[in-house]
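Model the placement of chain B on the given structure of chain A, informed by the hints.
Chains as they are written, first to last, in numbering that gives the first Met the number 0: chain A, 0 to 394; chain B, 0 to 229.
Don't read these hints as lab results, they were simulated from the structure.
All of these numbers come straight from a predicted model, not from anything done at the bench.
Don't take every hint at face value.
Distance condition first, Cα-Cα at most 25 Å in a straight line; then the derived DSS-like pairs of lysine-lysine [unchecked claim]:
1. B:K163 x A:K1
2. B:K116 x B:K163
3. A:K6 x B:K163
4. B:K116 x A:K1
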Amino acid sequence: MKLTLAKASLIRHRSRTILAVLGVAIAAAMLLDMVMLASGMRESFRQLLMSRGFEIRLAPKGTLPFDTDATIPNVRAVTEVLRGNPDIEMISPVMGASIHIPVGERNVSSAALGIDPSVQGDYELLSGGDVTRADAIVANDYLLEQLGAEIGDTLDVGTGYDPQTRSYTGQRRLVVTGRVRFLYGATQQPGSAMRRETLEGMVGPERRDRASLFMVSLREGSDAEQVRGWIAAQLPNVTAISIATAIAQVDQRLSYFRQLAFILGAVSLFVGFLLVTTLVTVSVNERAGEIAVMRAIGVSRAHVVQQIVIEGVAISMAGAVAGLALGLVTARYLNEILSAFPGLPMAIDFFLFQPRAAWSALGLLVVSGIGAGIYPAWRAASLPIAESLRREAIA
Amino acid sequence: MTGTSIVSLREVKRDYVLGAERVHALQGVTLDVAAGDYVAIAGPSGCGKSTLLNLIGVIDQPTAGTVSVGGRRVDGMSDREATMFRLHSIGFVFQRFYLMPILSALENVALPMAEAKVPARQRIERAAELLDYVGLSSRMNHRPSELSGGEQQRVAIARAIANKPSLVLADEPTGELDAHTGAEIIALFRRLNTDGTTIIVVTHDEELADAAHRQIHMRDGRIVGDAFEV
Chain A
0 MKLTLAKASL
10 IRHRSRTILA
20 VLGVAIAAAM
30 LLDMVMLASG
40 MRESFRQLLM
50 SRGFEIRLAP
60 KGTLPFDTDA
70 TIPNVRAVTE
80 VLRGNPDIEM
90 ISPVMGASIH
100 IPVGERNVSS
110 AALGIDPSVQ
120 GDYELLSGGD
130 VTRADAIVAN
140 DYLLEQLGAE
150 IGDTLDVGTG
160 YDPQTRSYTG
170 QRRLVVTGRV
180 RFLYGATQQP
190 GSAMRRETLE
200 GMVGPERRDR
210 ASLFMVSLRE
220 GSDAEQVRGW
230 IAAQLPNVTA
240 ISIATAIAQV
250 DQRLSYFRQL
260 AFILGAVSLF
270 VGFLLVTTLV
280 TVSVNERAGE
290 IAVMRAIGVS
300 RAHVVQQIVI
310 EGVAISMAGA
320 VAGLALGLVT
330 ARYLNEILSA
340 FPGLPMAIDF
350 FLFQPRAAWS
360 ALGLLVVSGI
370 GAGIYPAWRA
380 ASLPIAESLR
390 REAIA
Chain B
0 MTGTSIVSLR
10 EVKRDYVLGA
20 ERVHALQGVT
30 LDVAAGDYVA
40 IAGPSGCGKS
50 TLLNLIGVID
60 QPTAGTVSVG
70 GRRVDGMSDR
80 EATMFRLHSI
90 GFVFQRFYLM
100 PILSALENVA
110 LPMAEAKVPA
120 RQRIERAAEL
130 LDYVGLSSRM
140 NHRPSELSGG
150 EQQRVAIARA
160 IANKPSLVLA
170 DEPTGELDAH
180 TGAEIIALFR
190 RLNTDGTTII
200 VVTHDEELAD
210 AAHRQIHMRD
220 GRIVGDAFEV
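Chain A extracted, bound-state conformation (with noise of 0.2 Å):
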């Protein structure tokens, strides 16, 4: 019977309830939205970082990878420490240049990795082959759209250019072999890729075996963090970057979007808050007569705070399911604009949604309709009975 009535006096001020609802779903959109900003970035990066495996990362001391042009000296006596460490089973070195195209009479220029294709975590090949011969390079779908070129084209590449003369340093003739897409990589920035010994024979002996970046993959059941600290002991000369250690940086880089992401969903959550007491407190006052009476005939108090708190919940809920769709459709959204910003990798997601967050903004959302009941609900049940009826009777 609680039920029927709280359901019934939803429906008998339709209009209203189902604005009532629409608040709270915009609320609640914004809850989840907040939650999955919170949330989503650092989980994002956490896969981004997973996704091919390599548990940890060497980059030149005191930097982060690619943060700067600083090198890493001496590959091979590097990979030979590394490879005396048991837990760690595949060693990637990474080069990190520029490469300079002519095209026409313009210039082109794209980052460019050295790798070795058969241990690279990098990128991931879409169609073509990969850069097994010292002739291939690799590019992503931007820089082939800028180049105007396609598989199986040659390009005369440098690793110098100056726009003064117009002339390239380290120039040499390779053949695209194979569509990319870089998996660090920003949107719309030019990528290529072609092995590590090309690239160095391309800019020249200063920057001969160096390395921007080793990347390290660990046997199953070894710990990463045990093993980072043998590199670091080993290699003073180089930071050791777990997965681990790089969120734990990305979390105090991102602290700024988690506080606003938790004002924001706060704010949304006490509007929405607000909103069912107004809504559910306006219907208690139009209705004393009615719970007076109900008092009367032997309804008890905590029945008609039960049936308050109920309608409280209902539009909660009807709200936070409505919130679900709406807050996901405007965090895809929100998504692209912020994915789109220069200079972050394109696999990062904003918003990512996660069931476990999906949940606690309903959990929220729940929790606050009884909240909202409660204020009414007491309201409610503590009308004077006698009081309530001589005014109803006089109004």
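Chain B in isolation, oriented as in the chain A frame:
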């Protein structure tokens, strides 16, 4: 007075504070109502009739004096005790019917039985019987807005007797009805009383008051006349 008292009030006072003023709604009322009686309480507006009814119905508490209903002291009862007492022992009929607009006639009558935890099937059967008793068997699935004033008041009477109370209290039950419909309600109260229910009705309606076995007249919070049917 005949038979055992179902209602007994001793020196009952009820004061209200309205702003800075203290209003003495009842000023030492002593009254006994016998079980099975049909009592009308009449008097001018503001004389304390409804206050007296509210105290007997345990929806208000006296400032002083004692109130007993069905042999139990009801003044000073806790809210929980008073609610249970009203649920099982007292039926209310109001001037404005006060049916739940969102429920059908049948559901309105079943409401107090649901609260008394009568099994669903049993309460629907009894609600249907009661609607038949008040002559509304063909209107049981209608909502209050689809019923006339007289029909709504009959539903309210059926609701009042749903849990078989020994006492029915009615506050101006014909106040919103025309003379013809009012007469039907008066007949229904008579029938109810004949079937054994004690009825106390507060009214301005002379016909309704005349139908009672006993007429109590009040003025300024006091009983000024008490006449039994000869």
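Hint by hint, here is what the structure shows:
{"no.": "1", "hint": "B:K163 x A:K1", "verdict": "holds (22 Å)"}
{"no.": "2", "hint": "B:K116 x B:K163", "verdict": "holds (14 Å)"}
{"no.": "3", "hint": "A:K6 x B:K163", "verdict": "violated (29 Å)"}
{"no.": "4", "hint": "B:K116 x A:K1", "verdict": "holds (12 Å)"}
Checked against the numbered hints given earlier, the structure breaks only hint 3 and satisfies all the rest.
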